[in-house]
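Following the hints, complete the assembly by docking chain R onto the known chain H.
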Amino acid sequence: MNLRLLTTAAAIAVFTLAGCSKTDSGDKPAGEAATIKIGQIASMTGKEATFGQQVDDGIKLAIEEINKAGGLLGKKVELITEDTQSQTPPTKTAMEKLVSKDQVVAVIGEVASSRSMAAAPIAERGKVTLLSPASTNSNVTLDKDGKTLNYVYRICFIDPFQGTVMAKFASENLKAKNIAVLKDNANDYSVGLAKNFTETFTKNGGTIVEEQAYEGGQTDFKAQLTAIKAKNPEAIFVPGYYTEVSLIAQQARELGIKAPLLGGDGWDSPVLTQGAAKQALEGSFFSNHYSEQDTSAVVLEFIKRYTAKYNEVPGAMSALGYDAMNIIAKVIKDAGKADAETIAKGLATLKDYPGVTGKITIDAQHNANKPAVVLQIKDGKYSYYSTIAP
Amino acid sequence: MEEFLQQVINGLSLGAIYALIALGYTMIYGVLRFINFAHGDVFMVGAYIGFFIYPLLSESLETGYLTAFAVLLAAMLGCGLLGVTIEFLAYRPLRNRPKLTVLITAIGVSLFLEYTGQIDFVFGADYKTYPTLVERSAVLSGSGLSLGSDQVIVFVVAIGLMLLLRVIVMKTKIGIAMRALSMNLSAASLMGINTNRVISFTFFIGSALAGAGATLYAISYPKINPLMGVLPGLKAFVAAVLGGIGNIPGAVFGSFFIGTAETMTAGYISPTFRDAIVFGILILILIFKPSGLLGKGGVEKV
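Respectively, the protein sequence lines represent chains H and R. The first sequence begins at 13 in this note's numbering and counts up one residue at a time. The second sequence begins at 9 in this note's numbering and counts up one residue at a time.
Extracted from the complex, chain H is given alone in its bound form (with noise of 0.2 Å):
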């Protein structure tokens, strides 16, 4: 009896479920609509949620000034967030939706590489740009034989850059001649930015003291500082994500090691500098997008813009997040068309384009060429100290 009730509820769900589809598709004919559709990935919830959030913020505070303008070729521009909840699955989900079902001409995301990997090959598939605000690892835009996908792009630098950067500022601006390293085994990102690292500044005349490393979740660090203290060298570099960063900052210092640390954008969280930590970190070094002490117009701009809309001041994904809606729009403004074809061949030569987050040149490779900025820990706070062109 339950069995019978259970299929006739089974085969009426399919059947409406089936019939809306159809009305869906069958609605507006493509091409008329009234707005530009621009989707986004993002992790709005989870662990890397305020990743996320602080894209959508930088997004949605560049619609709102393009509309403001009159919109493009005479259209608002409409975005269609879609949450990844900080996991892969639902990643792909929602990238299937808004390639299929809204039929968006671009979308912009995600934060993490692994997810924006994950949604690589259904843009190749819907012929629909996917364009990465944040995602470093280099295999973002390649396919697996290496080869660059046709509708993949991002406007942030890629690991080796940030490796090569952090390696420049250490022989040219603290002129270190003797650096240890400390990077986590188990992590492509950490190795990849340790190998630049070294190859630039040995190049560069400098040698690498000790090399030690770690795999990511371990707390204990003493037995590798201990190493890396007797060859006593001027500062260490350890390329890790912020938990394991700040516990190491405190093992050394407790150590009696005084060098100051270098680091890249995995350090940047508001977790880095909590507890024992801001002492132990005071000093240290680490590359990343953007400050927002940056002197630059166009910062300053954004800044009192951002400020004016939200009440707090921008960070590094925020920046990006508005680049990249602003840059999918001149694209657009410059092509006068608005399909995803169009998109992706105007993001392939798009050159030095003055963003928030620098000069943005793509390259062969889809990746955004541009410098980096080296922020200084002080107080707990990151301020600025330099910027490094690639």
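Source of the hints: derived by calculation from the structure; they are not laboratory data. Nothing here was measured: the structure is a model prediction, and the numbers come from that model. For each residue, glycine too, the CB sits at the ideal point set by N, CA and C. Keep in mind that the hints are not guaranteed to be accurate.
[Claimed, not checked] Here chain R is said to cover these stretches of chain H; the calculated rule only asks that three of the stretch's residues, wherever they fall, bring their Cβ under 8 Å from a Cβ of chain R: (1) 254-264; (2) 271-278; (3) 285-291.
[Said to hold, decoys possible] The following label-pair restraints were derived from C-beta to C-beta distances: (4) H:G58 <-> R:V175: 43 to 53 Å; (5) R:E11 <-> H:D200: 26 to 36 Å; (6) R:L108 <-> H:D200: 39 to 49 Å; (7) H:S308 <-> R:I285: 48 to 58 Å; (8) R:G132 <-> H:S398: 34 to 44 Å; (9) H:E211 <-> R:Y276: 40 to 50 Å.
Frame of chain H, contents of chain R only:
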């Protein structure tokens, strides 16, 4: 040479924390002959007790060390009560069942604590920053050697608690009862010992030591999460087996040995092997001397 001595200090201070956890394993094994696999998670709860109680205490108490001491006591008391509750609800109803049943229940309790802790309104799955209980600095920072303030505290508290435990086990009436239970549970009950009370007390002491270990661990490594007890718990278990499970001095010795071995491996061979070496030791000891280094080989009577 200085580097080597520094590694020894690092290893011993890690070992002192393992010792506090290992004592709980070994004491409970001593009286009940089963491994309480939830012990590592009681340790985790101890860290969270400190995390939540610190903001309440730091307002009313003036000096830093007094607050730190109060947090330590709160964690010990909280963990002790948790241990007694776990024993009462999960293990006591199974007292006369096969040992395997209790062992599997212990694994269940362990998973229950780990995954309940990950729910957002309990502890949450993300890393929390443990409050700075004591000023962290290099106390003895000469040319090469340095001794962190946290390491000094770890040594003082851990050794103090071990001596206190020694006094309780050897000199007090309840200690004598515990030792009687570990020799023969049914004979002890025939002699008029209230076995349930002694078992509860053993769980209280063992879990309170884990709470103390958690506080010391979190002072040294102030990032806590609901799965933080798994690895230290397993390593302390290995230490207890190495020293001879059920043997109190053995657990302490085993812990210092494991802590040092781990640090030396990380410092001189490769940090990737630091966990592998600990479990490698477990395999070797189980093959060549299953009763442990200080344990007495006993014949299982059937």
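Assessment of proposed distance window 34 to 44 Å (beta carbons of R:G132, H:S398): The hinted range 34 to 44 Å holds for R:G132 and H:S398, with Cβ atoms some 37 Å apart.
H:E211 versus R:Y276 beta-carbon gap, inside 40 to 50 Å or not: Roughly 27 Å apart at Cβ, these two residues miss the hinted range, so it is violated.
Satisfaction of the hinted span 43 to 53 Å by the C-beta atoms belonging to H:G58 and R:V175: The hint (43 to 53 Å, Cβ to Cβ) holds, given that H:G58 and R:V175 are roughly 50 Å apart.
Range hint 26 to 36 Å (beta carbons of R:E11 and H:D200) holds or violated: Holds, since R:E11 and H:D200 (Cβ atoms, about 31 Å apart) stay within the stated range.
C-beta pair R:L108, H:D200: status relative to the range 39 to 49 Å that was hinted: holds, 42 Å
Cβ distance range 48 to 58 Å for H:S308 and R:I285, holds or violated: Since the Cβ atoms of H:S308 and R:I285 sit about 53 Å apart, the hinted range of 48 to 58 Å holds.
Coverage criterion applied to the region 271-278 of chain H (partner chain R; beta-carbon cut 8 Å; 3 residues): Coverage by chain R is violated for the region 271-278 of chain H (0 residues, Cβ < 8 Å).
Chain R covers the region 254-264 of chain H, three or more CB atoms within 8 Å, holds or violated: Coverage by chain R holds here, the residue count being 5 at a Cβ distance below 8 Å.
Outcome, coverage of the region 285-291 of chain H by chain R - at least 3 residues whose beta-carbon is closer than 8 Å to one in that chain: Since three or more residues must qualify, the claim that chain R covers the region 285-291 of chain H holds, with 4 doing so at under 8 Å.
Of the numbered hints listed earlier, those contradicted by the structure are 2, 9.
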